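Enquirer: Sequence lines, in order, name chains A and B. Final position of the first sequence in the working numbering is 519; the numbers increase by one with none missing. Final position of the second sequence in the working numbering is 522; the numbers increase by one with none missing.
Among these hints, one or two may not hold up.
What the hints assert, rightly or not - List of simulated lysine to aspartate or glutamate pairs, EDC-like, C-alpha gap at most 16 Å:
1. B:Lys261 <-> B:Asp473
2. B:Lys358 <-> A:Asp480
3. B:Lys290 <-> B:Glu264
4. B:Lys421 <-> B:Asp339
5. B:Lys261 <-> B:Asp486
6. A:Lys409 <-> A:Glu236
7. B:Lys421 <-> A:Asp152
8. A:Lys402 <-> A:Asp250
9. B:Lys207 <-> A:Glu236
10. B:Lys392 <-> A:Glu467
11. B:Lys261 <-> B:Asp511
12. B:Lys392 <-> A:Glu236
13. A:Lys271 <-> A:Glu307
14. B:Lys480 <-> B:Asp339
15. B:Lys319 <-> B:Asp481
Unchecked claim - Covered stretches of chain B (chain A as the covering partner; in silico rule of three or more C-beta atoms under 8 Å from a C-beta of chain A):
16. 259–265
17. 272–279
18. 320–334
19. 379–393
20. 410–419
21. 466–476
22. 482–490
Hints were generated in silico from the structure; no laboratory data involved. Quick caveat: nothing in here was measured; it's all calculated off a predicted structure. Think of the CB as a built atom: it goes at the ideal place given N, C-alpha and C, for glycine as much as any other residue.
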Amino acid sequence: MIDLLFSNLNFLTISLIFFGVAFGILVSAIPGLTTTIGVVLLLPFSFYLDSASSLGMLMGVFVGGMAGGAIPAILINIPGNPASIVTNVNGYPLAQSGKGDFALGLAMISSTLGALIGLIILFLISPELSDFALKFGAVEQCALVLLGLSLVSALSEKSVMKGYISMCFGLMVATIGLDPITATPRYNFNTVTLQQGISFIPVMIGMFALPTIIESLIISKDFKFPTLDKNFKQCLVGVFDALKEILQSKFNIIRSSVIGSIIGAIPGTGSAIAATLSYQLTKKIEKSDNKDRFSSQGVISPEAANSSMSGGALIPMLTLGIPGDPVTAVMLGALTIHGLEPGPLMISSFPEAYYGLLGSFAVSVFFLVILTLIGIPFFLKAIRIKTKYLMPIIFVLCIIGSFALRNSMLDVWIMIIFGVIAFYMNRNGYPILPMILALILGKILEEQFRMSLIISLGDPFIFFKKPISLTLLIILGCFLSYIFVKFLKKVINQNKNV
Amino acid sequence: MKLTKKIVGALAGITLLFASVSTNSFAGSHAKYPSKPIEKTITFKAGGAADIAGRLSAKAAEKVLKQPISVVNRLGAGGSVGFDFVGKQKNNGYNIGWLSASILTTTILGKLPYDYKHWDFVCGVTVDATTIAVRADSPYKTLPELIAASKKNPGKIKIGHAGVGSFTYTTGAVLMKQQGAKVVFVPVGKRRTPALLSGEVDAISVHPPELMANVRAGKIRMLAVSTPVKMAAYPKVPTFKSLGMDLGFYQFRGVFVPKGTPKAVIKKLSDAYKTAAKDKALADAALNKGFGINFIPHNKFPKYVAKQDALLRKAMASIK
Chain A
22 MIDLLFSNLN FLTISLIFFG VAFGILVSAI PGLTTTIGVV LLLPFSFYLD SASSLGMLMG
82 VFVGGMAGGA IPAILINIPG NPASIVTNVN GYPLAQSGKG DFALGLAMIS STLGALIGLI
142 ILFLISPELS DFALKFGAVE QCALVLLGLS LVSALSEKSV MKGYISMCFG LMVATIGLDP
202 ITATPRYNFN TVTLQQGISF IPVMIGMFAL PTIIESLIIS KDFKFPTLDK NFKQCLVGVF
262 DALKEILQSK FNIIRSSVIG SIIGAIPGTG SAIAATLSYQ LTKKIEKSDN KDRFSSQGVI
322 SPEAANSSMS GGALIPMLTL GIPGDPVTAV MLGALTIHGL EPGPLMISSF PEAYYGLLGS
382 FAVSVFFLVI LTLIGIPFFL KAIRIKTKYL MPIIFVLCII GSFALRNSML DVWIMIIFGV
442 IAFYMNRNGY PILPMILALI LGKILEEQFR MSLIISLGDP FIFFKKPISL TLLIILGCFL
502 SYIFVKFLKK VINQNKNV
Chain B
203 MKLTKKIVGA LAGITLLFAS VSTNSFAGSH AKYPSKPIEK TITFKAGGAA DIAGRLSAKA
263 AEKVLKQPIS VVNRLGAGGS VGFDFVGKQK NNGYNIGWLS ASILTTTILG KLPYDYKHWD
323 FVCGVTVDAT TIAVRADSPY KTLPELIAAS KKNPGKIKIG HAGVGSFTYT TGAVLMKQQG
383 AKVVFVPVGK RRTPALLSGE VDAISVHPPE LMANVRAGKI RMLAVSTPVK MAAYPKVPTF
443 KSLGMDLGFY QFRGVFVPKG TPKAVIKKLS DAYKTAAKDK ALADAALNKG FGINFIPHNK
503 FPKYVAKQDA LLRKAMASIK
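Make a model of the complete structure from these sequences and hints.
Expert: Take a look at the structure:
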């Protein structure tokens, strides 16, 4: 078994994996371009390469892509791809306080460890985990999504109320497009293009990037990103500090990676959900008075989760032939082009391809460490480009990225419109993340809730009859009553004071 | 206020920029067609069976046309976004699209404000079956058994599908309606195979390519397929026709172009795809993924589409 892991490797395969990882980091580090766009761009080359090389390359993009998004999130407050949707919340302030190297070190090391844990889970218990993930049917997904939405307060830095208002806005936007059950068009102004609904990726690109672009180009003329005047050696010290910090956060790494792998293995989820859920939980669990310590936990958690998600997402693809996320959906196509058939028979019919894929995953993780650690000083240098040159480039890339997703001009307009909305939300203290999370989860919630009721023939108690959903709902109940009690105490105290 | 003005000004500038870009166009003559690369819109997700058929046939057709065909996936709203897009392009033969019977279902459902006469049709290339499939441990061994069981216990058997309006739903629903079966249809969307495997639904109505891996592993059993002839990839599965349940409409896939594309260009494209339909890579993919190759040339395809439209229109009205 072990010997099969690396039997496919030759010079060409290894160099293509290296290229894949570098390309993945680059594509996802560019705001606007996502990992999915990266693999779709490389898919045509699969026709001309042998299966081991082409899959190794795509695997590299997948692994590199999950890590690269953290770079712009930390350095310029714009997540490079959906996977890093929460990394900037704590990462950017760290960079602002002159610890850019430390924050990048945290993100890159936790990404690597996350990917490693994901790989181990994939190698050891993929059939078991895929059985468990299969249990997440309509009812269970509904309960999981409700839990995710109720934790929205963890994403609201200042005002919890404003966080929930932002969430409601996201839920409203999620209803645009074809009704998921009866396919009735809703709020589409009788246009064909709006029938597809509002996809969260252009919204995410616009809401994160445009406010920064507007801020730096139109509002404040002397806007500058936090730069570091450190040489290579000094940066290494920062990275070493990060390593020390991570060694003290083993529990966070393991918890976030396991959550990431499980979420990845549930078909219909994705890296954004994995990162956000584990971040929310980390924030609720790791109650630390030391603010600095929490900021580093807030970077470690989403980055470990999104990288381990890639291992999780491969599980249903390899064991059931069902992709766990958009990137694995493209990889499934690449496997098919080479006559391989991912599914229950994959391990027995194509052991070389199966273990070869795991082997290229391992090699990708190895290259990820090297490339990111060597890269940190260069990433820090890249933002020394003058804002007036950097921002227009990012704006053009945001347009390209929004367009490339579905080759639709509508997505470009959505990106711009929601970017402007986000600019005003920021100014008035409304957090953006709850809105984006609600947009992602709202669609799943509506679809799975109505489907649950169809399956139960209209019986609403089905949510309490299934063990997994009951457990999730009990956690939800405890959490909500905790908030309520806290609220009551506050009201009583206020009355006493009066 | 000043700030708002600045932002509005910036947006107006961007609008003008886009407007000037989109009016830019190329003029071309079709005498030496094709003299530049062709863009092929695929309305299905990159990597899926329909996309692979579209890409492999384009790759084989390239060799005949001696010009590259670049594939662009334009997704959304069950294909209507891509169908609409191709219809709006220049009718010079450099914008072609990869269609399925969804081009009919989306127009019949009114998702697009016109009907199939909005486009010109080049040729049919492949055909996908729709299958009713159950888990391997299901008590239903044949399609008639499943239908009979549903009549005994109305509302007990649940059939999962991609969504109302999808071709696979239409096939399953019309079949069950014609046979008088009393089943509940559940729009499980993308989670079709997981929903069947986990037992959320008892059967699913889908295209075989998404099931082949689990069928070969003996986890899922196909009860019957909708194509008129048995398919090479799964010769043992009976057809609806052999069970006396033929519906007459099929999931054909092929090439279409904007209305008014010159006849000579359509013929050239059709001839190129005729060669492509014999391509070995396409045949291998068909056998592996479980779709069929069924070439229909340019002089027969428009009539075929018109006939399918009439049949589908009638069938879909019956399940409304």
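Enquirer: It remains to establish, for every hint, whether it holds in the given structure.
Expert: Now for the hints, and whether the structure bears them out:
1. Restraint check: the Cα-Cα separation between Lys261 (chain B) and Asp473 (chain B) comes to about 14 Å, which is no more than 16 Å; the hinted pair holds.
2. Proposed proximity of Lys358 (chain B) and Asp480 (chain A) is supported: the alpha carbons are some 14 Å apart, at most 16 Å.
3. In summary, the hint linking Lys290 (chain B) to Glu264 (chain B) is not supported, as the alpha carbons are separated by about 24 Å, beyond the 16 Å threshold.
4. Distance hint between Lys421 (chain B) and Asp339 (chain B) is fulfilled; the C-alpha atoms sit about 8 Å from each other, no more than 16 Å.
5. With a CA separation close to 14 Å, the supplied pair Lys261 (chain B) and Asp486 (chain B) stays within the 16 Å bound.
6. For a cut-off of 16 Å, the pair hint linking Lys409 (chain A) to Glu236 (chain A) stands: about 12 Å separates their Cα positions.
7. A hinted pair counts as satisfied when its Cα atoms are at most 16 Å apart, and Lys421 (chain B) with Asp152 (chain A) qualifies at roughly 13 Å.
8. Taken as a hint, the Lys402 (chain A) and Asp250 (chain A) pair is honoured in the structure, with Cα atoms around 9 Å apart against an allowance of 16 Å.
9. Restraint check for Lys207 (chain B) and Glu236 (chain A): satisfied, since their Cα atoms lie roughly 14 Å apart, inside the 16 Å limit.
10. Between the alpha carbons of Lys392 (chain B) and Glu467 (chain A) the distance comes to roughly 14 Å, so the proposed pair stays at or under 16 Å and holds.
11. For the hint linking Lys261 (chain B) to Asp511 (chain B), the alpha-carbon distance of about 29 Å lies beyond 16 Å, and the restraint is violated.
12. Proposed proximity of Lys392 (chain B) and Glu236 (chain A) is contradicted: the alpha carbons are some 40 Å apart, above 16 Å.
13. At most 16 Å may separate the alpha-carbon atoms for a hinted pair to count; Lys271 (chain A) and Glu307 (chain A) meet this at roughly 13 Å.
14. As the CA atoms of Lys480 (chain B) and Asp339 (chain B) are separated by approximately 38 Å, the hinted pair breaks the 16 Å bound.
15. Between Lys319 (chain B) and Asp481 (chain B) the alpha-carbon distance is near 30 Å, which puts this suggested pair outside the 16 Å criterion.
16. With 1 residues carrying a beta carbon less than 8 Å from a beta carbon of chain A, the stretch 259–265 of chain B misses the three-residue requirement, and the given coverage is violated.
17. Only residues whose C-beta sits within less than 8 Å of a C-beta in chain A count toward coverage, and the stretch 272–279 of chain B has 7 of them, enough to reach three; the restraint holds.
18. Beta-carbon proximity to chain A at under 8 Å applies to 0 residues in the stretch 320–334 of chain B; the threshold of 3 is not reached and the given coverage is violated.
19. With 7 residues bearing a CB less than 8 Å from a CB of chain A, the stretch 379–393 of chain B meets the requirement of three and the coverage assertion stands.
20. Closer than 8 Å: that is the beta-carbon criterion, and the stretch 410–419 of chain B has 6 residues meeting it against chain A, so the requirement of 3 holds.
21. Residues of the stretch 466–476 of chain B lying with their CB closer than 8 Å to a CB of chain A number 0, which falls below the three-residue condition for coverage.
22. With 3 residues carrying a beta carbon less than 8 Å from a beta carbon of chain A, the stretch 482–490 of chain B meets the three-residue requirement, and the given coverage holds.
Comparing the model with each earlier hint shows violations of hints 3, 11, 12, 14, 15, 16, 18, 21; every other hint is respected.
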